[in-house]
Amino acid sequence: MQPVIEISDLKVFYEDAQALNGISLDVYPNEILGIIGPAQSGKTTLLKVINRTLEFTQGTSIEGTVKLDGIDINSISDVYGLRRRIGMVLPLPVGLPLSIYDNVAFAPRTAGLRNKTDLDEIVERCLQQAALWDEVKDRLDSLGTKLSGGQQQRLTIARALSHQPEILCLDEFSIAVDPITTMRIEDVLKTLKEEMTILLVTNLVQQAKRLANRTAFMLNGDLIEIDETDVIFSENPTNQSTYDYVNGTFG
Amino acid sequence: MNSKTEIAAQDMFTETAVGKQNRYIENIVKIFFFIMTCLMILPLLLIIGYLIYKALPVLSFDFLLSNPQDNMRAGGIWAPFLGTIYVVVVSLLAAAPIGVFAAVYLNEYARDSWFTRIVNLAVVNLAGVPSIVHALFGLGAFVLFAGFGESILAASLTLAVMTLPVIIASTTEALKAVPMSFREACWNLGATRWQTIRRIVLPNSISGILTGVILQVSRAAGETAPIMFTGAVFYKPIAEGDIFAYNIFDQCMALSLHLYTISTQVPDVAEGIPYGTAIVLVGSVLLVNAAAIVLRVYLRTRKKW
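Those protein sequences? They're chains A and B, same order as listed.
The first sequence lines up with residues 1013 to 1263 when you count with my numbering.
The second sequence lines up with residues 205 to 509 when you count with my numbering.
Chain A on its own, in the form it takes in the complex (with noise of 0.2 angstroms):
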C-alpha cells in the first residue's frame, strides 16, 4: 500500500539544540497512528514539519525529506494549499475572534471560495462531523471565543475539516478538554478515520491505546518503536524503554 506520509531520516535543529535526531516512518491512508512520548521528545515539532508551519519559527533547520502521496513537501510551491491539505488541532482550543460560522468558513473562504450556498454546507458539514452542530446551529453568529473550552476544541477541529484536509493531525487535543467531551471528540475521530488519514499526538497512552491502529513511541527526539498498538501495548514491545513508558514507570 502507497503511504500518504514518508519520512525519511528526519532531522530538526533549533538554533542551539536537536529536536529530532533522524526520524524514518510511514503513514498509511485511513489509520490512526498513536504517536505518544514524554514532553520534549519532538511530537509537535514533527507535525509542524508535515504542515510546513516551522517555518515560522526563526532559527531552525530541517534536514532529511518528508513525501505526501510520493510528493516532497518541499518541493510543493502553493504551501498554504499543502496546509489545507492537512488539518491541524493544537493543544489549548483556540477559537479566533470570529462568529462560530466565519470561524468555520475561513479556511474556505481565504482558498477564495465566496459562494454562500457552499459555504453553508461546508459549516453545517464540518460542525456535524465535529459533534458541535446540535450546540451552536441556533446560534451560529454569535462568537466562537465565546464557547466554552470543550466547545472551542471542537470549534478547532470543525474549522481542520472544513478544508477537507486529507490528513488530520492532532496534538494533545483533550489536554484543556473534559472528559465527557474527550470521549466525544475520539467518537467523532473512529468515524472520520473512515474518510481521513489521522495522526493523533497524545500524552494519555491509554488514549492511543483506545484509538490508534499502529502506535509510535518518541523520546528525546528518537523515534524508538513503531508498531500495531496491540504489540506496542503488549508486554514484549521491541524495546524495553516502551514497555516502561507505556507502563507508567517513567514519564
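It cannot be assumed that every hint is accurate.
[Said to hold, decoys possible] Computed, partial: chain B to chain A, Cβ under 8 angstroms: (1) Arg315; (2) Phe386; (3) Glu388; (4) Ala389; (5) Leu393; (6) Ala395; (7) Gln399; (8) Lys508.
[As the list claims (entries may be wrong)] Some, not all, of what chain A presents toward chain B, calculated at C-beta under 7 angstroms: (9) Gln1070; (10) Arg1096; (11) Val1106; (12) Leu1108; (13) Phe1118.
[Unchecked claim] Once the Cα atoms are required to be at most 27 angstroms apart in a straight line, the calculated DSS-like pairs of lysine-lysine come out as: (14) Lys1158/A <-> Lys508/B; (15) Lys507/B <-> Lys1149/A; (16) Lys380/B <-> Lys1158/A.
By construction, these hints were calculated from the structure, which means they are not laboratory data.
Yeah, the Cβ is synthetic: ideal placement off N, Cα and C, and Gly gets one too.
Given the structure of chain A, go ahead and fit chain B onto it with the hints provided.
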C-alpha cells in the same frame, strides 16, 4: 487538654503585635499612594482653572473666528488656529500610514535580523531626539533640499518625522496584544500572512493603533520648535471663517508659535489674549484626547476574546 485547644483557637483570631503593625503600615502606604495620585491631577486642574479664569474676558466665538489685529494686540486667533489644524492633519496624514505599516512589517513579517535590530534601534533613538534637532533636519531636508520652501507641507513633514517613532511604538504594542495563537491557527488553515493580518490581527488591534495615532495629535499640536523654521510665521492674515483659507504650500500661523510671540515679542498685548490662545490650544488637545479615550472604550466593549 480540651481547654488548651480552646485557648489556641482563640489565639488564632486575636491580633498579634506584628499583625497590628502590618495593618497600620498597610493603611499608611495606601494613603500615601493616594495622595501621590492626587498630586498628579492637581497641576492639570490648576493650569486649566487659571487659564479659564484669565481668559474668560476674551473668550467668544468671535475670538476663535477672527484674525489677530492691531499688531496682535487685539482681535482673535483664527489664522493660528486654522494653521495648527492644517499642520497637525497633514502631519498625521503623512506619519500615520508610514508608521502603522512599518510597524505591521516589523511585527508581522520581519524576522529578527541585523536589519530589524537597526530599525528598532533607530526608532527608539529617533523618539529621543530633541524637537529643535528635528527642526533643523526639517529645514535642511524639506525646506531646502526637497524645495518645499517654508510651508505648511514642510512643517507638517517635520512634525511627521518627529511623531513617527512613537506611532510605530504604539502600533507595535497594539499588534503584540493580539495573541500569537490566533496567528498560528490561521497559518494552520492555509492563510497567508496578509490574510491573517487583514482578517484577524488588524481588526483586533485597530483600537490600540488608532488611540496611539490620535494621541500624537496632542504632541504635534503643541510643538513650536519644529515648525518655526519650517513653515510657521509671525503674522499672516487669512480669510476669516474659511476653512480652506490655507494652501499647503503657504506659510501659516500656528497657535503654539502665536502664543510664544504674543507673550514675549509684542509689547502691550491685552492680558486675556495669550490666555485665550493657551486655553484654545489646551482645550483642542484635551478634546482630541477625550475622543481617543471614547473611541478606545467603545472599541474595547467590542473586544472579541
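Consistency of the hints with the structure:
At a threshold of 8 angstroms, the smallest CB-CB gap from arginine 315/B to chain A is about 5 angstroms, leaving the interface hint in force. Restraint check, phenylalanine 386/B versus chain A: the minimum CB separation of about 6 angstroms is within 8 angstroms; hint holds. The closest approach between the C-beta of glutamate 388/B and any C-beta of chain A is roughly 7 angstroms, which is under the 8 angstroms cut-off, so the hint is satisfied. Because the beta carbon of alanine 389/B sits about 4 angstroms from the nearest beta carbon in chain A, less than 8 angstroms, this interface hint is met.
A hinted interface residue such as leucine 393/B counts as satisfied when its beta carbon comes closer than 8 angstroms to some beta carbon of chain A; here the least separation is about 4 angstroms, so the hint holds. Interface hint at alanine 395/B: satisfied, since its Cβ lies 5 angstroms from the closest Cβ of chain A, which is below the 8 angstroms cut-off. Here the hint on glutamine 399/B is kept, as its CB sits about 5 angstroms from the closest CB of chain A, short of 8 angstroms. Using the Cβ-Cβ criterion of 8 angstroms, the hint placing lysine 508/B at the interface with chain A is satisfied: the shortest such distance is roughly 3 angstroms.
A distance limit of 7 angstroms between C-beta atoms decides the matter here; for glutamine 1070/A the minimum to chain B is near 5 angstroms, and the interface restraint holds. Nearest Cβ of chain B to the Cβ of arginine 1096/A: about 4 angstroms, under the 7 angstroms cut. The hint holds. A hinted interface residue such as valine 1106/A counts as satisfied when its beta carbon comes closer than 7 angstroms to some beta carbon of chain B; here the least separation is about 4 angstroms, so the hint holds. The closest approach between the C-beta of leucine 1108/A and any C-beta of chain B is roughly 6 angstroms, which is under the 7 angstroms cut-off, so the hint is satisfied.
Checking phenylalanine 1118/A against chain B by beta carbon gives a least distance of about 6 angstroms; that is within 7 angstroms, so the hint holds. Taking the CA atoms of lysine 1158/A and lysine 508/B, the gap is about 8 angstroms. The hint holds against a cut of 27 angstroms. For the given pair, lysine 507/B sits about 23 angstroms from lysine 1149/A by alpha-carbon distance, which is consistent with the 27 angstroms threshold. Distance restraint check for lysine 380/B and lysine 1158/A: the Cα-Cα separation of roughly 21 angstroms lies within the 27 angstroms cut-off, and the hinted pair is therefore satisfied.
The structure fails none of the hints (numbered hints given earlier).
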